[in-house]
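For reference, the chains in residue letters:
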Amino acid sequence: MRFSNLLNQIYDEEILAKLGFLKNIRLFEGIRRRQLIHVLESLQERTYLKGETIFAQGDIGRALFIVFSGKIELSRLSPATHKSEVIAEVNPGEIFGEMALLEEMPRTATAIATEETRVFMLFKIKLETLLFSRPELGVNIASQLAKIMSARLRAILEKPEQ
Amino acid sequence: MTDITAEPKKNYLQFVLPAFLGLALIYFIYLAKGALFPFILSAALAYILNPVINYFEVRGIKRSYAVIGLYVVAGLLLFTVVYLLVYFVTIELEALKDTWPVYADRIVQFVQNLNAKMVKNYPLLASLKLDQKFSHLLETVPQVILTLLPALTLLFVVPFITFFMLAGGSGIMDYLLDHLPARNVEIVMHIASRIDASLGSYLRGILLEAFVIFLIALTGLLMMGLNYSAVIAILIGISSLVPYLGAMVGAVVSSIVAYLQFGSFIVIFRLLVFFTGIRFFDDWFLQPYIMKRAVKLNPAIILLALMAGWELGGIWGVIFSIPVTCIIKEILHIAVELQETEFRWKPKAEPTRISIPYT
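In order, the protein sequence lines correspond to chains A and B.
Numbering follows numbering that gives the first Met the number 0, with no gaps: position 63 of the first sequence is 62.
Numbering follows numbering that gives the first Met the number 0, with no gaps: position 104 of the second sequence is 103.
In case anyone wonders, no lab produced these hints; they're calculated from the structure.
A couple of the hints might just be wrong.
[Unchecked claim] In silico SDA-like cross-links for lysine to any residue, where the CA-CA straight-line distance does not exceed 20 Å:
{"#": "1", "chain 1": "A", "residue 1": "Lys17", "chain 2": "B", "residue 2": "Ser169"}
{"#": "2", "chain 1": "A", "residue 1": "Lys17", "chain 2": "B", "residue 2": "Phe55"}
{"#": "3", "chain 1": "B", "residue 1": "Lys61", "chain 2": "A", "residue 2": "Ile14"}
{"#": "4", "chain 1": "A", "residue 1": "Lys146", "chain 2": "A", "residue 2": "Gly29"}
{"#": "5", "chain 1": "A", "residue 1": "Lys17", "chain 2": "B", "residue 2": "Lys295"}
{"#": "6", "chain 1": "B", "residue 1": "Lys295", "chain 2": "B", "residue 2": "Phe268"}
{"#": "7", "chain 1": "A", "residue 1": "Lys123", "chain 2": "B", "residue 2": "Val335"}
{"#": "8", "chain 1": "A", "residue 1": "Lys17", "chain 2": "A", "residue 2": "Lys70"}
Construct all of the structure, not just a fragment, from the sequences and the given hints.
Structure, rendered in structure tokens:
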């Protein structure tokens, strides 16, 4: 009993919870828990308050975002009406801003926190370091990223014309 | 639908407090510059050791326990190494204390003979009184060593400060990031990640490189039976932190010791071959593997950085000159990139266009 108390004192429950969370993220599917540790090492964290802009349409993208808790609203400026239209809501466990990992191009949407939101950020340079130092892990992420992009593209094409 | 096209009016008053705090910080640094040195050294050490703590932290161990564990293990290791080194170095230094007058006499003798020959051939040199100047230089050697003693206090102060910096982790950075304007976080973290990637690789790489060179030098010198091998190897290891200096210091110091010990040029020749070998091994094998992810610096830039470092901060300036140059180079790279992307120095990059649709 005392030994387990000591272990509980030494172990950081928050980190273990984060690892458990990453295990269920689609981008990291197929990655073993031991390797997920390296992913967690490469991620940055930040909390955004309700109403804060994470990035705006046209900003140069440099990171992918994973929602840990809270909610993000993605909106896009309509060229015809010059008004922004909500295109999606991102909930815990979902990712957005993935195009920044492939090319440093202007963002195609604006992301705003609709409630206090904690996100993980994976920067392009960190992914490159992972690809270089742990190719097996890097290839897994790159392959999952390609699948997600393909699924999103398919969703656009299959969406009925408005 | 909400209208996001209207930009909020800029209010420059918001910059008054940060600017005031920034100026106050600069003024404080200026006033307390003498006391800041151990903190800079500790910050550098904490930065180097941080990945070790992170290694355990991401495996679920609380940061404070990881830091305590690291200190206990490092303390035990250091105690053993220092005990062994002090044991050998004391023997060697005791021997040096006994033999130094004899060696000094031999050096003076050698210089006097050389001077006499030169003066005989070139009478003009007599006016320079080189032999007297050299004798004076040799007398000052123990004094120079004594002036290094205050630096020993750093050995106790720096680990103490480093402990608290490591235990605190990225707390201050996280606080600053949490209070940055949200839209600037991505770019600030991008810049920090870039600097961390190249500087971290450089610092960890150069430490590993210096340790490997120390081991090779120690083994080689012991095999050649040179006196004071441990002391010379430590000197080579430390001077390896400055690019190009390690093998050069090794060659010069061990050649002098070899001449005094053996009085033969064959041993000196063997030593020079050995250190040339170390130099090539370093250039061809160690650096390409250890430093492959680090910033690449041109040798001319390294030389300029070393000289500027010496001018600004003496020996510590030299040691810190290369990491600081790495940071400056990375910042310059990022600045140019930002000018090109954010301020459109270059035509706006076009996304990849493909004619074949999604199938």
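We went through each hint and held it up to the structure:
1. Lys17(A) x Ser169(B): Status holds; Cα separation ~17 Å.
2. Lys17(A) x Phe55(B): holds (15 Å)
3. Lys61(B) x Ile14(A): holds (9 Å)
4. Lys146(A) x Gly29(A): holds (13 Å)
5. Lys17(A) x Lys295(B): Since the Cα atoms of Lys17(A) and Lys295(B) sit roughly 36 Å apart, the hinted pair is violated (cutoff 20 Å).
6. Lys295(B) x Phe268(B): With a Cα-Cα distance of about 33 Å, the restraint between Lys295(B) and Phe268(B) is violated, given a limit of 20 Å.
7. Lys123(A) x Val335(B): With a Cα-Cα distance of about 18 Å, the restraint between Lys123(A) and Val335(B) holds, given a limit of 20 Å.
8. Lys17(A) x Lys70(A): Roughly 17 Å separates the two Cα atoms, so the pair holds.
This entry does not satisfy hints 5 and 6, going by the numbered hints stated previously.
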